[in-house]
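Given chain A, put chain B in place with the hints provided.
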Amino acid sequence: SAVISQKPSRDICQRGTSLTIQCQVDSQVTMMFWYRQQPGQSLTLIATANQGSEATYESGFVIDKFPISRPNLTFSTLTVSNMSPEDSSIYLCSVTGGWGMNTEAFFGQGTRLTVV
Amino acid sequence: DAKTTQPPSMDCAEGRAANLPCNHSTISGNEYVYWYRQIHSQGPQYIIHGLKNNETNEMASLIITEDRKSSTLILPHATLRDTAVYYCIVRDDKIIFGKGTRLHILP
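In order, the protein sequence lines correspond to chains A and B. Per this note's numbering, the first sequence runs over residues 29 to 144. Per this note's numbering, the second sequence runs over residues 25 to 131.
So that you can see chain A by itself, here it is in the shape it has in the complex:
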């Protein structure tokens, strides 16, 4: 299994500012993903963080709003830009250790973001 550390665990931010969330894994992983969980809702996939290339975004999410970096196989960041109260959510990092569908994914504990 992989141990995932997300920082910060929570933050309260002013509207119009940006926050960068870090995801550190204790071992090299193949795939890294970022999710958003709005209050009372299920998880929504934002993007796949690709090592050495631009992230792959899901419908409804754009790079200008959620820029993602993945400089190596153990680390990724998600930035929530120009925040509004609607961005108040839990943001979660997820990783898989291998390719293909027979590989379980592990999740961090999330970053609880409140925008005021």
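Any given hint could be a false lead.
Simulated restraints on C-beta separations [stated by the list, open to error]:
no.: 1; chain 1: A; residue 1: Ser-87; chain 2: B; residue 2: Glu-90; range: 31 to 41 angstroms
no.: 2; chain 1: B; residue 1: Pro-131; chain 2: A; residue 2: Ser-87; range: 36 to 46 angstroms
no.: 3; chain 1: B; residue 1: Leu-130; chain 2: A; residue 2: Arg-38; range: 28 to 38 angstroms
no.: 4; chain 1: B; residue 1: Lys-123; chain 2: A; residue 2: Asp-92; range: 26 to 36 angstroms
no.: 5; chain 1: A; residue 1: Lys-93; chain 2: B; residue 2: Gly-39; range: 44 to 54 angstroms
no.: 6; chain 1: B; residue 1: Glu-82; chain 2: A; residue 2: Thr-131; range: 13 to 23 angstroms
no.: 7; chain 1: B; residue 1: Leu-104; chain 2: A; residue 2: Thr-45; range: 32 to 42 angstroms
no.: 8; chain 1: B; residue 1: Glu-90; chain 2: A; residue 2: Ser-112; range: 46 to 56 angstroms
None of these hints come from the bench; they were simulated from the model. From a predicted model like this one, the values you see are computed outputs, not experimental measurements. Yeah, the Cβ is synthetic: ideal placement off N, Cα and C, and Gly gets one too.
For chain B alone, coordinates are given in the frame of chain A:
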């Protein structure tokens, strides 16, 4: 979009088996069925997964129908700590969550 359908909520008495159903009628031949759960304010926790055969581990059993269009997650002896939202997922390259089933364990 999620490829699964689950009841929004279920109750189960403590100590009894909890049987959580999932429909995935559009599953393709090489897609796995995964189950995760999310206890309040925590990240999702992996439970079990399978392709076509029934699977069992220390947490649960997974029963997949022969046509693979539905499955059931079985928690053999539910405890209060099993209260959570349970997600059934048909996995391709990505993990797409549906709305899940909120399981309440009743004392």
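Q | Outcome of range test on Cβ distance (A/Ser-87, B/Glu-90; 31 to 41 angstroms) | A | 34 angstroms, holds
**Q.** Distance restraint evaluation - B/Leu-104, A/Thr-45, Cβ atoms, bounds 32 to 42 angstroms
**A.** 41 angstroms, holds
Q. B/Leu-130 and A/Arg-38, beta-carbon distance inside 28 to 38 angstroms?
A. For A/Arg-38 against B/Leu-130, whose Cβ atoms are near 32 angstroms apart, the range 28 to 38 angstroms holds.
Q: Evaluate the given range 26 to 36 angstroms for the C-beta pair formed by B/Lys-123 and A/Asp-92.
A: 29 angstroms, holds
Q | Cβ separation of B/Glu-90 and A/Ser-112, checked against the hinted range 46 to 56 angstroms | A | 49 angstroms, holds
Q. Between B/Pro-131 and A/Ser-87, is the Cβ distance one that fits in 36 to 46 angstroms?
A. The hinted range 36 to 46 angstroms holds for B/Pro-131 and A/Ser-87, with Cβ atoms some 43 angstroms apart.
Q) In this structure, is the beta-carbon distance linking A/Lys-93 and B/Gly-39 contained in 44 to 54 angstroms? A) Holds: the Cβ-Cβ distance is about 48 angstroms, inside 44 to 54 angstroms.
Q. If you check the beta carbons of B/Glu-82 and A/Thr-131, does the distance land in 13 to 23 angstroms?
A. This hint holds: roughly 19 angstroms between Cβ atoms.
Going through the hint list in order, the structure satisfies each hint without exception.
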